[in-house]
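Student: Sequence order for the protein chains is A and B. Count along the first sequence starting at 1, add 16, and that's the number in the working numbering. Count along the second sequence starting at 1, add 5, and that's the number in the working numbering.
Do not rely on the hints blindly, as some may be mistaken.
[What the hints assert, rightly or not] Which residues of chain B face chain A? A few of them, derived with a C-beta cut under 8 Å, are:
| # | residue |
| --- | --- |
| 1 | Leu17 |
| 2 | Lys24 |
| 3 | Asp108 |
| 4 | Ser112 |
| 5 | Arg275 |
| 6 | Ser277 |
| 7 | Glu278 |
[As the list claims (entries may be wrong)] Derived list of chain A stretches under chain B, where covered just means 3 residues or more per stretch with a C-beta under 8 Å from a C-beta of chain B:
| # | segment |
| --- | --- |
| 8 | 63-71 |
| 9 | 108-119 |
Keep in mind the hints are simulated off the structure, nothing from the lab. In this text, all values refer to a predicted model and were calculated from it rather than measured experimentally. Heads up, the beta-carbon is just placed ideally off N, CA and C, and yes, glycines get one too.
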Amino acid sequence: MILAQNIDKYFGDIKAIDNISLEIKKSSVFGLVGTNGAGKSTFLRLLAGILKPDAGKITIGDAPVFENIPVKERFFYISDDQYFFSNCTPLDMRNYYARVYPNFDKPRFDALLKSFDLSPTRKINTFSKGMKKQVSIICAIAAQTDYIFCDETFDGLDPVMRQAVKSLFAADIIERGLTPIIASHNLRELEDICDHVGILHKGGVILSRDLDDIKDNIHKLQCIFQKPLQKEDFPGLDIITLHQRGSLYTIIARGNSDEIAKIISGMDPLFLELLPLSLEELFISETEVFGYDVKKLLV
Amino acid sequence: MMSKNSLFDWRLIMDALRKTLWGPCLAFLGFFFAMPVYCAISLQNYKQGASEMTQAMREVNIISTINSIFAGGSPLLKAIFIVAAIVSALTFFYFIHSKKRVDFYFSLPVKRGKLFITNYSAGILGVLIPYIVAIILTLAVIGFNGMGSYIRWDVFWIGLASHVLFFICIYTVTVLADILTGHPVIGGLLAVLLLAIGPIIVALYIGLMDTFYPAFYSNLFDSSTALAHSSPLAKYVTIGSIPLHGYELWLVILLTALVFIAAYRLFLIRRSEAAGKAVAFSLAHPLIEYPLVFVATLGLGMLFYESVGGENYFWLFFGSVCGALISSRILEIINRFDFKGIRANFKGLLIFAICYVVFICFPIFDLTGYNDYLPAAEEVQEVRISMDSVNSFTNDIIYGQYNQSGNDIENQQLQMGKLTSQEDIQAALALAALFHQEQDKDYEYDGQSSDLGIQYVLKNGKIISRHYDSLPLSVYISELKPILNSLEFKESQFVTLHRPIDELKIASITSFESGSKEFLDIGGGQTKLKNLRPEIKEELIQTYTEDLMALTSNQMEKDVPLGIITLLVRNPEESTTPGIAAKAPEIEYTYSNAEAEEEMNYATVNFPIYPEFAKTLSLLEELGIPQDYWQANLANIRELQIIDQSGDKPGTIAISTEDYKVQLEKYGNSYTTQTTTVPTIITDRAEIARIMKETAPSAAFSYNCLINFDSNKSVEVLYANNYEKYYASQRYYLITK
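So that you can see chain B by itself, here it is in the shape it has in the complex (with noise of 0.2 Å):
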């Protein structure tokens, strides 16, 4: 006899699975061949290969495969999970939409808590059970195996909570979705869509803030983090390439009981007469079809208003029209069950339309101030300031760390631009602003140029981002000058100046003019700065952090850099950012050699060399490198070929085939093509000599971003070498003031 009391009762629960076994027999089939067949498989492949790998790359393959079924990253088993969720739920809730069901289980002396508790449970065990019993046998196949040592149980452990907990969620959520619904169809779509709102909330936000508000830093905007974040089923599809955190699965279990809860209270008070009908409560119909509404209204009208470039309200209006009418008219037809329903509701429409043309005239006419934004001086604590053109050269210590996102890197630059006395807040307010008046202007951009991504810190804590898309440097050369000579900035943006000794290596000295040398190597003076003593290396790194700091504006705005030198800095165990792991997780490779090791644990950073450095090049003189090495070679150079695209030539003419023949003969396919500029062919020595004073190679303007070039005219550099047919070649461009 069942406990009236009870709302558990595990008869009623084992007889409603055993009513609905095509259920889990379905679930166990998709386990079945996800799980011990598929190791079953790969096992017997690496056993078959066995002789083609090495023994440690057959462990690793075999450790990561074994692994990566029982993973919270798995693909098959998500794809089973989130299926099997949603087809669970809805089956075992589908006697609420059935009048004759209703009839017969509500008439039964059973609380309807106890129902609800039977069909949950027997819908959760439906999928669950036959995971566990696959799980079990995967385990057998990889005892069979003798495999069982490589099984990590932490990754196992992990992968079995996230695929349950994120399944239960689903699941609850599809079951709260039932209840709402009087339809099984309908409730399947209302499933989807809960499960599917946040992110398309979080892209329309995306969407509208690019749209209309051109100060919007997207960059900062971790757009993955925050899809992922928006909705259990985007967390539970992107784990595995976003790594899930020990709070978030916290998150997941408090997100479920809750929905728990309140699919538990909504199926105690619904009403019987409800089976059948689209929307079991009449407030749930509003609630459900308005944000709807909106989704669809806001989301046509940027389509199309973003289909002309964002030119013309008129397609603004025209698209929020057509999503309207169109979504709110199916939600009627699909409440009422009749195509009749076209013409339901007017006036919810007209409300609807009238509080969407109160929100959308917020950024239409930016009624909040946010692109004009700036802050008084006085308010700021400390500006962070992000620029690519300066930032080129210490991207390098970012992208070597792992599992970095884009707004990771990006919140790192700011860090690393970072201002705080008052004069240099005032220098960088004055940017800003420039950015701002300028951001309309029509330029040319034939030469250096940034964008400004700018961080305020408010003495009242609060944190506002603002962007501004790219102007030529001519337009804030003025302006960023101040910045560029401010210590503070200096020392934020070369932080890899400042960490121990110890974490550092030199790699090596690179001049922009190495093309023109014989040989690379600087006989074997390279190899030799690999292997410094400590005391000079750390001599070497002092000596030109020195040189770098005493390094003026004034002075980057006259001379190219003539090389850089490449540090390598270990990578922290801990990113500067909270969660994410600096190294990749789980597992460890063993290195073959140093070289492999210092590639995964190390990254590259490079700094310029200034001819201003003359400490540094004296040193590095006393280390093994000539000061010649910084010079071109002009005895080297065959010729010069000059490309002129500015508007006064003709630009890019087509050559007859004979010509390209010719040239393809003579100049090679990196430099031919049919529609080619045909070039300006110099040999003269003076000029030679000329132009090759006047021009810099194109690498050394990513390490100053003061001095301008003008990318319409570049000029390859051809220089002699054992070749006949192809020549090693460096392209430079034309120095502008």
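Chain A extracted, bound-state conformation (with noise of 0.2 Å):
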């Protein structure tokens, strides 16, 4: 398990992550997943003992990260630009990992390789940007750890190679409990993948929360009233957010579904609907609560 306790991070004035705190479980899926600036990356790199944190400790399976050689020996960190030797070619990123991490397992790498139609002698700054992502990947799972840190790294795949990854991820988690932590903006991919959700926004986690759990207490409503109605008509609604279109009203509110029905029924709706919810609607509601709305952005 990672912990991250009261976790701060300055870089000079700008608290870029403010007492955040997180727990991720072993062998789910987590993903993180916030506003453009909200700490993502910064928070992934303080899991990877790349940032030292300015208050508070992370630590995995009880051992705090920073400088630990055998806790970092237990995850791979996937930046969002990753690095690569100059002119090196994937067998020689293969060998430097292999004498870096215990475990590295040097035919799945090979296998991986094959499989991705990647060529092992090839210069990688060859490589697009996506067959890097990929090479980023499979060094990341023939490293055999426990966890991987992925810092957009779903994006700039294909389609095709997404399934792929996610399929690889999936059989890892099952097989041995890997644990991926995924950073992403593709909230429509972490839908599909993830199991567990983190939301960030200007350096605090709005919400940290499984996807089940998240999905089964939040809910979306639309409901027409023959009068116009503000927020505060709606008693006993823990309403997230509440958009009026003429007589049309579509609500987001915390709380059980049948709970929420009830309480809107009890007003007299000529109309009353509950809809899925999505992470991206979710994740937009979540945020708006807290001021991040495209409304604002637009002039």
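Since each chain comes alone in its own frame, lean on the hints to assemble the complex.
Tutor: Rendered as structure tokens:
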């Protein structure tokens, strides 16, 4: 388990991470989503021991991460802009990682490279961005670590490759309890694979829950009322967002679906329907509460 | 699998080397041409030119060439190592300046310490391996040419040690600079600054003292050694011209170890987010900026101040303000990588300005009383005096020693002017007080003048030195005479005369009037003097010493010396100054004759012979030098040319081309220029005799510091000889009271 407790991180005067506490369970896929500049990459770099927190602590299996080699052997970090040695080939990277990661599986690396149709002796600096990402992912999987930290790794992969990677992750999760932590803007992709989601905004955590729990506890309704209504006119409802278009109201609210429906019904709507909530809508709704609203961005 | 606990992993080091192979290749290219190729070409040239050289010369040249390749002073190797050290450090630690690379390396299960050691070691090996290969190839070339026996293995090993040590030192300093900064260019600049700051500070110190402290004894300050010791880079560059001592190598090792530890510790705590910033540690910024700003402020201030002759403080202020503003704004711009940094941190600049103003008041107003320092007599245990007019005839013994620096010479001259009795100390203090008092006055310098260097050895162990600029003899003669009468002073001045007799040889006796003689040699007398029996030589030297010690300042004030006795003094095996060899090291020459051996191993010293030295003159007469040898032969004087360049005559005038041609034909090139002062020609015998009584040969004045002369009024004495066009001559000066 990865445990981050009361983490602060400053870059000069800028507070990039503000009192983040997160728990990432083993053998689950953790999705880290957030607004631009929320601190996703910074948080991943803290997890990877690249940055040292200014306050709080980060542990993996109750051991601190920073400068702790046995702990660092348990994860592989894929940066959003991964570094490769000058003029190196995938084989060169394989050999280097094999020296560094004790459980590195060279045959698996070779097999994965072949299945992804990548040349082992071609210089990586001649690869496309997507191909470089593929090499990174293959290195990560072959390293046989317990955790993989992926910073926008899926961006840049074509849909087929994305599926392939998801399948690989899924297989390793089942087989050896791999725990990927994936930071991404592509919420639709994360929705398919993540068990747990953490939403960051302006350095802090808005939400961190199992995806199913979130979906069980946040619901989207559309209803029609004759008279105009405000948020205050819905007592007993924990409304996250309320949008009105004419007499059509779209409400996203927390709580049990039956209870929400009961409350709305008690207000004599002309129309009431519960709708499925996507991760994207959930993200937008949650961040809107904190003022991150698309309407404010439009002039 | 690598060892987790060890910081040292050979495979990672080799990996790092392989990834940066261009560096070792470039280094090898440099060493290859500087060592085996150069050696092969040189040896080939010697073989081809063998017939033009003697065997001894050829061997000396081969030894010199072969050993210069390996020696610590080899300029080619030094240049390669310095560049390689800086480039290698910047290359192997380049990764800490790139966010991408930092993310990669610091996320790996590799301790930061191991990363540091890996890259540090790879950077060193990337230069040393090519160097070792080049050495092996050079040795092979030498062996192939059958010249292995000429290798001086002590030179070889010392050279290797010094190159390797200094390379590692400069490399480690550059690594530290790299770690302190977040950008490779800034890291390189800081490295150069760290290596150069020592010499800069020394130069500033010398400039400050010279500018604001007229009593600063600059001759005593060994600026060359100070500069050489101010930085490992400076020390390395000066190897060869300034000797390298064993303890200095240990100092380099210690410094390198300290810098290494600092670099290592800072690397461990260096924040990853510093990648790409100008300075990696916020504390480092002021520590780097303000010393630099200080150097620029003081340097520019002194430059402007000195450009107006040190007369106007406005230019000191102007230069200081320019230096402070320009340097601080540039550094703020660099720190932020943004031109808008020009407006940043004025508060810091203001604080610096206040501190600088406080600092500069000290030299401007001499708040420490440096220039006015004069100890009380009861505080002083010993005084040492050095005056250039007094020292002139003792200089040879010092210049004859090998490898003496300027301040060693000055130190020795001070040692030769020791005074310990209270009476003498008080006389010296009176002299110093007079010099200090008269410093700012304007004087005419038409004759003898002298500066004063004085060193006080206090009873509390402190040694304090001061120097005063020249004054005319007429100002200080009264204060100087008691010192010249001091037996202790004379004994320390003429230290040569107290050397063991077998270290002394008599080279010659020369009259100052020898120009008027037909032959310079006195009928074989000079040769006879060189081969005196030891007991006669001893008697002559002892007699002369007694006469010299008995000479009083009143007598010196009255008479000029008649001539000189030249002694050859054997160079000591070790100089009086610790660590400085008296003889040329390493290469022993085979002497073809006794004269060459004499020249190499003996120093020449001249001592004056005064008319009062009756016993000496009598003994010399017994040895074949007649009394009239010391007198001018007036009959041989053809004419006198009196040249008066004093203010009451027109001075130099241009002469017509015809007159110039006439003068040229008559007097030769030596005495004629197109703007010469036209001399007054005297041919009357009585007038010649009268003038000769009032003048003395110019050489005589340099052996008597109490006789004054008028340098504006010289007399060229032309002698008759066998040449039609050109005449032998000698310059005389009018003696003044």
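Student: For each hint given before, does the structure comply? Return the numbers of the non-compliant ones in rising order.
Tutor: 5
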